[in-house]
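Novice: Protein chains in written order, with our numbering: chain A, 1 to 116; chain X, 1 to 110.
Warning: the hint list may mix true and false statements.
Stated by the list, open to error - A short, non-exhaustive set of chain A residues, derived as facing chain X with CB atoms under 7 angstroms: (1) P8; (2) L11; (3) R15; (4) L38; (5) P39; (6) F45; (7) F65; (8) P96; (9) R98; (10) N102; (11) F107; (12) G108; (13) S109.
Hints listed in this document are in silico derivations from the structure and should not be mistaken for laboratory results.
Glycine included, each C-beta is placed from N, C-alpha and C at the ideal position.
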Amino acid sequence: NAGVMQNPRHLVRRRGQEARLRCSPMKGHSHVYWYRQLPEEGLKFMVYLQKENIIDESGMPKERFSAEFPKEGPSILRIQQVVRGDSAAYFCASSPDRLRANEKLFFGSGTQLSVL
Amino acid sequence: KQEVTQIPAALSVPEGENLVLNCSFTDSAIYNLQWFRQDPGKGLTSLLLIQSSQREQTSGRLNASLDKSSGRSTLYIAASQPGDSATYLCAVVDDYKLSFGAGTTVTVRA
Numbered sequence: 001n002a003g004v005m006q007n008p009r010h011l012v013r014r015r016g017q018e019a020r021l022r023c024s025p026m027k028g029h030s031h032v033y034w035y036r037q038l039p040e041e042g043l044k045f046m047v048y049l050q051k052e053n054i055i056d057e058s059g060m061p062k063e064r065f066s067a068e069f070p071k072e073g074p075s076i077l078r079i080q081q082v083v084r085g086d087s088a089a090y091f092c093a094s095s096p097d098r099l100r101a102n103e104k105l106f107f108g109s110g111t112q113l114s115v116l
Numbered sequence: 001k002q003e004v005t006q007i008p009a010a011l012s013v014p015e016g017e018n019l020v021l022n023c024s025f026t027d028s029a030i031y032n033l034q035w036f037r038q039d040p041g042k043g044l045t046s047l048l049l050i051q052s053s054q055r056e057q058t059s060g061r062l063n064a065s066l067d068k069s070s071g072r073s074t075l076y077i078a079a080s081q082p083g084d085s086a087t088y089l090c091a092v093v094d095d096y097k098l099s100f101g102a103g104t105t106v107t108v109r110a
């Protein structure tokens with residue numbers, strides 16, 4: 001049973017380009033969470049999605065960032081017109097249902113985005 | 001807004017010594033608290049989960065305590081080994097949302 005899979009592991013973009021980060025949840029999981037880890041900072045919640053629905057996007061920057069989790073395929077975090085400040089590690093986690101009090105959250109290995 | 005603080009930011013100990021990592025949080029209305037391990041360039045590995053109604057959890061050499069009223073949790077690692085070198089993250093869970101501390105980076109010297 002494969003864990004949460006993220007790709008690519010490393011992504012290099014020049015300022016102004018688009019970045020697409022993919023997350024395939026664990027088998028049987030239909031809830032996905034994205035977190036961002038800026039250098040020297042803790043992980044920060046970005047968005048919570050269920051299949052075809054955005055449940056909570058309160059942690060997403062208002063511009064340039066979007067996320068989706070289609071009926072088929074992985075969840076995608078999309079960053080348009082990247083800037084240097086977007087350089088960070090982006091982590092995805094999944095759960096079978098809405099996270100319960102006695103339930104651990106399983107994370108992927110992350111995508112390290114570097115903006116030149 | 002939940003604020004999570006981890007002290008110290010870094011810790012270096014000789015092999016065999018016990019480790020004590022501290023985590024404090026400002027809002028006691030939590031579902032649970034989780035401790036994670038993060039290795040360089042890798043993802044997060046869940047170590048222990050303490051539900052809000054519990055006082056501690058143990059797994060092997062790891063023991064974590066939770067005092068909700070004072071907003072504190074402590075992770076104890078007994079008889080440390082070089083393989084324990086990593087960054088340890090504390091996360092407070094409110095519903096589905098995790099609030100993380102910045103972590104404690106541990107180095108165990110052989």
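Novice: Hint by hint, note whether the structure agrees.
Specialist: Hints, one by one, checked against the model:
no. : hint : result
1   : P8   : 13 angstroms, violated
2   : L11  : 14 angstroms, violated
3   : R15  : 24 angstroms, violated
4   : L38  : 10 angstroms, violated
5   : P39  : 11 angstroms, violated
6   : F45  : 5 angstroms, holds
7   : F65  : 17 angstroms, violated
8   : P96  : 12 angstroms, violated
9   : R98  : 6 angstroms, holds
10  : N102 : 6 angstroms, holds
11  : F107 : 4 angstroms, holds
12  : G108 : 5 angstroms, holds
13  : S109 : 4 angstroms, holds
Going through the hint list in order, the structure does not satisfy hints 1, 2, 3, 4, 5, 7, 8.
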